[in-house]
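Since each chain comes alone in its own frame, lean on the hints to assemble the complex.
Heads up: the protein sequence lines correspond to chains P and F, in order.
Counting along the first sequence from 1, when you hit position 122 you're at 122 in the working numbering, and nothing is skipped either side.
Start counting at 1 in the second sequence, then tack on 163, and there's your number in the working numbering.
In case anyone wonders, no lab produced these hints; they're calculated from the structure.
None of the values given here were measured: they were computed from a predicted structure.
For each residue, glycine too, the CB sits at the ideal point set by N, CA and C.
Check the hints yourself; a few may be wrong.
Covered stretches of chain P (chain F as the covering partner; in silico rule of three or more C-beta atoms under 8 Å from a C-beta of chain F) [claimed, not checked]:
1. 12 to 23
2. 42 to 52
3. 132 to 143
Calculated from the model, a selection of chain P residues having no Cβ within reach of chain F, i.e. all distances over 10 Å [as the list claims (entries may be wrong)]:
4. V5
5. L8
6. R9
7. R26
8. G39
9. I79
10. S84
11. L85
12. K86
13. F88
14. C103
15. R122
16. E123
17. N125
18. V146
Ranges of calculated distance between the beta carbons of each label pair, as one might list FRET restraints [stated by the list, open to error]:
19. F:M164 with P:L119: 16 to 26 Å
20. P:N57 with F:N396: 23 to 33 Å
21. P:L85 with F:A198: 49 to 59 Å
22. F:E799 with P:L85: 28 to 38 Å
23. F:P185 with P:K121: 45 to 55 Å
24. P:K93 with F:G606: 22 to 32 Å
25. P:E14 with F:P638: 28 to 38 Å
26. P:V17 with F:R175: 15 to 25 Å
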Amino acid sequence: MPGNVIKLRFTLNEKQVLLQCHPGTRLLDILRHDFGLEGTREGCSQGECGACLVLMNGLSVNSCLVPAFALADSEILSIEGILSLKSFTDIRKSFADIQAYRCGFCSSGMQVALAALLLTKREPNADEIRRALSGNLCACGSYNGVVEAVLQSSSRKRRYGRR
Amino acid sequence: MQTFIHDIGPKRALRGIVYRSPFRKGKITRLRVPALPKGYSCVQARDIPGKSILTCAGYSLPILGKSEVRYLGEPLILFCGPDPEVLAEICASVELKLKEESPVEYKDLSGPYREGQIINVAYGDVDLAFNLADQIVEGEYRTARREHFYPDTQGAVADWDGKNLSLYAATQDPFGLRSAICRCLDLAPRKVRVIAVPVGNSMEGKLLSSFLVAAQASLLAYTAAKQVVLIYNREEDLLFSPKSPEFLIRQQTALDREGGAIAVRVQIFMDGGCYPPKDCEALRQAVHSAWGAYRVPNMEVTGRTLVTDFPPIGSFRASGRAQAIFAAELHSSRLEEIAQLDPYTWKKENLVETGRKEGRNKGLRPMALTVLEEATRISDFTRKYSAYSAVKKRRKTIDQAAYPLRGIGMSLASQDAEGILECLHSIEETRNTCTLKLVLERGKRVRIFTSFVDCGMGIHALFIHRVALLLDLDPSKISVQPVDTQEVPDTGPTTLARAVTVGLPLLEQCCQNLQKKRKTATAPIEVRRSVSLDKLRAPRRGKDKSRDGGAESAWAATVVEVELDPVSFQSICRGVWLVVETGTIAHRKVTLQILEGETLRALGSSQLQEYRGTTSDGRKLCSNTDLIPGAEQVPEIQVHLLETQEGPMKGYEQLPHLGVPPAYAAAVCQATGLYVDQVPITEEVIQQCLEM
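Just chain F, with the same shape it has in the complex (with noise of 0.2 Å):
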């Protein structure tokens, strides 16, 4: 049975707990803190040794708030003792006065907001085709906020003994904690030790957000000089930690007399929290996928982050590009009612052509339209949306309707390598170096070192059964070994894509030295491989010619079929059909089990309730059941696998979060005939999509 951070706390260790702020925004004017019993600590801001910001994959905030609080829950004080009970009363007795501060909501994010980052992409004359234009199509799109309910916690033990710090965590970035971790407590590398505890499927939640509680467990222990166990309880995880962005995405489209795109301008807002990153991946993501993968001769593109003041946003699965192709995808199903066209025919006549210029999807086209087609085929698309529709057209009104409302759609995505690099470059630049071990030792059995921890996707079988082909080896003699810094390599960041298109070169260059090695040596052997991520990304810059230009980018058509009860709007999702593009595939029944499971969560994210952390009262909306589907709400999902045996494997599980919101939403307007404009679709949107 696996250990979590919760199942590692020694008994005699101190409990950490961290005192927030019950206010939303203000400037503090007093902050006292009650006399503390013996055996008890406490850490402020001004108690931190070295840096007080910490900063993962482009997203920063403070461990603590000083002068300021800028979002209801943001840390303050840090407490730590031995009884549970006596912490939280020493809580309940700090007492904190602040000039408070009216917040800014973030229901209308095209509101007047200070702005953060903007990031421009514009290509052709687009004034002048708008001018020209015969019909201009318009629509505004919502993503909400996504929550990532990872099974366990945010938590983290720390052990303190006056010299060195041992630091147990649930983080996908050990190597990056450890950084951290090192510039706030102002300690050398060599005297912090990050072991990294099993994670619970995290979607990209246990980096800032781990880093986080990972420091204020290291101020703690360092400060007492004892261990320290700080556990964050399911409700102050799910109210104040870090969260995906909320888009707002205006589509404007012109369209020449043939219905054909002749200019699109596209507006995004992105939500950025209260602590909104400067140079943000998701909203640059969101730019460059701002017109799915489509031909278009005109075009201009404007990201905008802004300030608002809701808890900090962090990574997750797919961000930003994810919203952005939802909004195409959606505003596309228009532009194919106005050409008369299904989907499918639409999506293959505007496909973006091989070798044109048009942004970063050039030369594209084969492998889209070959998933397209297939997708197509196996969900016997263009049968269902011919019948689905026709049974709309009689249908006068919704209410006319006494049987279920079904409906099916369609989407087209792709996952970019260069962007999954540019994302991983970004998580810190001086780290620019992946490195893998491989040993053998005596008895054939043989043992990776990589930083990766496994967090649910399969990794680590991945690699096991990638060594056991290349070495030919039975799988149960290949172990990855527990990944603590003083023993493994850093390898960098965990995310299915880099492990895959960074870690699983590594491991075969490291099978083949190893291979080589086996004829001259005898065990143990031990082979390293490391690569710079510069050099990965050369020649994804264009300079290759001879390769098709989007060889790298891994493509996918989802089509997803509902039913819809016609009074209560209830939908049951009748079944989800994924194609996608995978490269040489490692291990067929990893990645299938892989792309289930995040077809699963993406499904729940398009048609569960959206995640609201509070009200201005403070209270909670929302709980994890609607977040995640249960096993009796699962459909019949079929992944067909496209392998392309030239080219290694392609990072591919930001897919189904690409795919699957969108198809589920064109899906639900054919069943309704409404237009809804955003994502989660509850009963309650269709409901007021209805009243409008």
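In isolation and in its complexed conformation, chain P is listed as follows (with noise of 0.2 Å):
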């Protein structure tokens, strides 16, 4: 890309790092092509579809939106992240059972939205999970099987006292 350069520090999965790039390059670009991290997918590009959602200081944000500029001292984690963290365990279980029926595109985008909805509440209801998937689309259209593996999870948590 033309133009200055920028260098930037910021948090990527619990790590300090250290970035030169143009201050328009994307988030997501950065991590697929700079640190390799291809669990971030890019669908739509503008923003709509939640494949490359990325938790940025514990809010989801759609990596393909953020521009570099903005990233400076933040944290950002990526699927790769969330997906190392002991607390998502049963959401990554349960995701590797509907795994099956589905194309698996659009789940890196949605364990992010349900990670970062999982971080302020959780034990969330029906209603709360579709909310929090509402930025996602799922050309499979597996969103009640999401939604109910999400409270399943929720459920063996609560009955084997697991917090």
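The following block contains the structure:
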């Protein structure tokens, strides 16, 4: 990309990173090309499908819409970072179960959206889960399966007292 | 985590780009390529060593335009090189001059067009019946072009080492693609290897389009003698890749004094795009489904493909049949009104009778009636229909409604096994055999070798659970071999219908054979089974009188309930009830998941915005949120599976696409009291109907 290059320091998956890039470079491209984190997918490229969701300072954002200059001193958690967190083990297992019936393209974005929800609410109800997924599009129409999986995982936690 | 085509491009590979025509139509008078920097290559139509036309599932289009431009965005030159920005600059400096011609718009399909294929089907004396008719009911129904919206855009990675070509492609038909590449590069099949990468849910959008992008990547790799990555961006994919065709269907029905249909005349116009297929399966399906599941003694159907200047058309789930059933069902709802019967009663009285010889739907009554009755029962259709009709009668105009407008609609449709096989057969006449292989390894592990890719349709899950059940193994011990043309046999192109009607029986035969061999041999044991499509088609041609003629058709009845805001006409779907005949169910959970997902997609295409590629000035008119419903838009979906113990599992994935749009339209018609005659039905469409 022509033009100036900026130096950035931010936290990516709980590690401090330093990067030189054009200020307009998309976070999506930074993750995929500069850091090889290909779990974040490029879907619509216009912030509508949620395939490229990441957590930025604890909030879910479409990384295709986040320019590099907005990253300074921020905390980014991509799907790779989320999957390594122990608190999301149950969700990861639930997704593996329903994965067999879907193409899996939207999975990472959906898991990020759910992670953002579960950070604020440990036992969400079906409506809250649907609302959290409202920015994610699934071509296989698997929303009901995902909602069910999250509810089941919450009820497992309740039953076994794991919080 | 799945690895898609966008994830596998090596960093050192060259990047490809397509130079596309900025004009809609004309003869090329000058096409000048600028001087290329070192390390950059280009390919034009004249550089293609073999055949420059790609064919898939009966549809065809050129890899690159040569002397003329037929649509906006037609590929003309391919470039590859290390830097995408330099490639973009090269594209911007291509000089294209052409003698422009005025394009044929597609807004009114019945206008003066060049006709392509024409199909006629007739029986009885239609003219006489219309002369004797007491009343003639006419209707004109439109269905829009549909966008596949697969989540992963088209792409391919090709590597030519001077002798052999390796191709990573997101395709539904790896062996078909290999044949196409061999013809394009004039290479022997053993020199081309296709490795199919996982495909996002594609609605059959990864057939012809995947061949095109893979052929382009292969040409670039062949020319540059390097590895080339060619991935379309979302915009070029949305605007220029083949779509499902637009249809206009005119229905005329002659009624007797009691309101019974004595003759039907149907005219079907299909937008064939700029490269219309010579033998179009979608048109044939539309013609044969023109009067749905109903009885009529005299019938005449004419189907026409029209040549327009819209991007090429391609395969789409239930293409042709869905549009014809939409028109037939919506037209029948008008006949119900004239006969003053509710939809359930009218449908029941007019269903094709057992043993009658009208059309292809002979002998279908019992199961059709069962699904109809079940759908009526679980949705409480009769009570709701009467209640909403009473509200509609009390309300003189729509403006008087201060509360949400409610309506409920019902439809009946079948997915014809013969139609599926015809469609599969026409995909490539020379590949008439399907083969599947099973290997039992040490530790009781089983590997399934097939060329079916999954595409989010649950095919692999279905196969794994079937093998687990038949061989009494744990599903975790069964795996599907990654699809590579050097390793797996040719099971044909991937569609769920084919996987179920052709693949599952082969798999079951393999399992039986493996069980026998297990008694005498030790692992590893390999079994392989093949079937010729001709053999499969033969009994379906009606020779076997002992079987019900409709035993291999899968029936579904759909009920949709909607609620509309009386001011904005924004609609909320309150529920969808789908009753499906499935044959012997291989795996209930997978079947339910598939049908629920397909129902949601069908609902999206019924109520969300019409896909319009571009306006004349090249503006994009819709985005992907207009095409797929989101999590908050999911209504209550109840899918009931009617399992018939005898007979194999049936293809069923088309059924929601056949049943949901007409049921949704009928529900909107009841809610608003308007005659809505097109799909998708947006707020604007209802507003237009109101103003008419």
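Hey, is P:G39 genuinely clear of chain F, shortest beta carbon separation above 10 Å? violated, 5 Å
Check the following: the C-beta atoms of P:V17 and F:R175 are separated by a distance inside 15 to 25 Å. holds, 24 Å
F:N396 and P:N57 - C-beta distance against the hinted 23 to 33 Å: Given range 23 to 33 Å: holds, Cβ gap about 29 Å.
With a C-beta cutoff of 8 Å, work out whether three or more residues of the region 132 to 143 of chain P approach chain F closely enough for the coverage to hold. That given contact holds, which follows from 11 residues of the region 132 to 143 of chain P lying within Cβ reach (below 8 Å) of chain F.
Hey, does P:L8 actually stay past 10 Å from chain F on C-beta? holds, 21 Å
Checking a non-interface call: every C-beta of chain F should be farther than 10 Å from the C-beta of P:I79. Is that right? Violated: least Cβ distance 8 Å, not greater than 10 Å.
P:F88 clear of chain F by more than 10 Å, beta carbon to beta carbon? holds, 14 Å
When you take the CB atoms of P:E14 and F:P638, is the distance between them in 28 to 38 Å? holds, 36 Å
The region 42 to 52 of chain P covered by chain F? Criterion: 3 or more residues, Cβ-Cβ distance below 8 Å. Contact hint for the region 42 to 52 of chain P vs chain F: holds, 8 residues under 8 Å.
Would the non-interface assignment of P:R9 survive a Cβ cutoff of 10 Å against chain F? holds, 24 Å
Status of P:C103, Cβ more than 10 Å from any chain F Cβ: Non-interface label on P:C103 violated, nearest chain F Cβ at 3 Å vs cutoff 10 Å.
Take a quick look at P:V146 and tell me if its Cβ sits farther than 10 Å from every Cβ on chain F, holds or violated. violated, 8 Å
Checked against the numbered hints given earlier, the structure breaks hints 1, 8, 9, 14, 18 and satisfies all the rest.
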